[in-house]
Amino acid sequence: MDRPEKIRIGGIKFSQELVHVTICPSSSTDISHLNHLLQQLAEKTINIPFLCHSNTKHSSKTSFCVETNYLNEVVATDSFTAFPAKDVKIIPSVGTCTIFPHKYSFLFVSQILKVIETFNFPLYSLSTSISALALNTDFHLLDQLAEKLVTIMELPENHAPFRQEFVLKQLQQ
Amino acid sequence: METIAVYWEERIKVYGITPKYGLALATINIPRSELTATAETLAELEKTINRFELITAHSIDDGIDLHLLIEISHVDTIRSAFLTLLPAENKTQISYTTPVDLLYLHGPHFQDRFGILNATLSALSKHQIELVCSGCAGTSMYLVLQDGIGPQGLKLLRDAFLIPTSC
Numbered sequence: 001m002d003r004p005e006k007i008r009i010g011g012i013k014f015s016q017e018l019v020h021v022t023i024c025p026s027s028s029t030d031i032s033h034l035n036h037l038l039q040q041l042a043e044k045t046i047n048i049p050f051l052c053h054s055n056t057k058h059s060s061k062t063s064f065c066v067e068t069n070y071l072n073e074v075v076a077t078d079s080f081t082a083f084p085a086k087d088v089k090i091i092p093s094v095g096t097c098t099i100f101p102h103k104y105s106f107l108f109v110s111q112i113l114k115v116i117e118t119f120n121f122p123l124y125s126l127s128t129s130i131s132a133l134a135l136n137t138d139f140h141l142l143d144q145l146a147e148k149l150v151t152i153m154e155l156p157e158n159h160a161p162f163r164q165e166f167v168l169k170q171l172q173q
Numbered sequence: 001m002e003t004i005a006v007y008w009e010e011r012i013k014v015y016g017i018t019p020k021y022g023l024a025l026a027t028i029n030i031p032r033s034e035l036t037a038t039a040e041t042l043a044e045l046e047k048t049i050n051r052f053e054l055i056t057a058h059s060i061d062d063g064i065d066l067h068l069l070i071e072i073s074h075v076d077t078i079r080s081a082f083l084t085l086l087p088a089e090n091k092t093q094i095s096y097t098t099p100v101d102l103l104y105l106h107g108p109h110f111q112d113r114f115g116i117l118n119a120t121l122s123a124l125s126k127h128q129i130e131l132v133c134s135g136c137a138g139t140s141m142y143l144v145l146q147d148g149i150g151p152q153g154l155k156l157l158r159d160a161f162l163i164p165t166s167c
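Chains as they are written, first to last, in the numbering used here: chain L, 1 to 173; chain X, 1 to 167.
Treat the hints with care, since some could be wrong.
[Said to hold, decoys possible] With the C-beta cut set under 10 Å, the calculated list includes, among others, these residues of chain X facing chain L: (1) N29; (2) S33; (3) L35; (4) E44; (5) R51; (6) F52; (7) T56; (8) H58; (9) T84; (10) G115; (11) L121.
Everything labelled a hint here was simulated from the structure, so no lab data went into it. Everything numeric in this text was worked out from a predicted model, so none of it was measured. Yeah, the Cβ is synthetic: ideal placement off N, Cα and C, and Gly gets one too.
The shape of chain L in the complex, shown without the other chains:
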């Protein structure tokens, strides 16, 4: 059977504007600071809608996103200030583009990476979930990214990228 020209997907979703934080702990002490940071963010009721982490023999790196209005609280936590400045990178005004479903397809991932490279979109981090692929790029580029994705992906008729129109916020009891 011939491969379809476009990959059929169910939809594209955009996050609200976020801040992307990357920490590269250079010691085991720093890794415990990372766990402490997550605990402190939970105590401040700061949601982390995206995180990816790797700790291989070569390096350790954690990237996560928070809403832009929480950035000052994040950087003010004592666990965050414990990281050397050289080990931290903050990218303001980032958006998560979620494309679904991936169906565990290498071709799906490949096509997205090729769009990223061909049109020179920044790719700050990426992770698959149980059904989707979420990637973080500049917030102001989300619409352009969707325009390029639909050149290689087929969306349902009359679909437009979902934008979160309301914010779910868990209140602390």
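Based on these hints, arrange chain X on the given structure of chain L.
Chain X only, in chain L's frame:
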């Protein structure tokens, strides 16, 4: 207009926690200039590998580190594909951590609620369990642990979270 949702639970409910043990984690260091060629090599894997378990990526100076979690039986296929399909001068580098264990869980509104990550990682870190790799997006959390640690991690997460069962 503001909608306020009030949601509180003593133990975070999840739909389920799924273990998969004895997998392989491929770490692919891809210079930006090689991203298209490497992506095309990944596309070729579709012909012989029917699924990946997890893919995550971080940006690095002038490129990305991509982590690919697959069945151990696919390692030789991937190794062969990268050797044969990428030109000799290609600077993409691939290394493997194998075997590793995977736990994945998903639950309602994970991406909208604080404390989910903290509950997960603190349950593991209290017992000195570190993650090899992790991808948390949408309503899912994928946790890659060192070989043999999966069963202990599973027990700890089952204690930390509540999986509702039908009466």
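Evaluation of the provided hints:
1. N29: holds (8 Å)
2. S33: holds (9 Å)
3. L35: holds (4 Å)
4. E44: holds (8 Å)
5. R51: The hint holds - X:R51 has a Cβ within 10 Å of chain L, the shortest such distance being about 3 Å.
6. F52: holds (6 Å)
7. T56: Since the shortest Cβ distance to chain L is 4 Å, the answer is holds.
8. H58: holds (5 Å)
9. T84: violated (16 Å)
10. G115: holds (4 Å)
11. L121: holds (6 Å)
Comparing the model with each earlier hint shows a violation of hint 9 alone; every other hint is respected.
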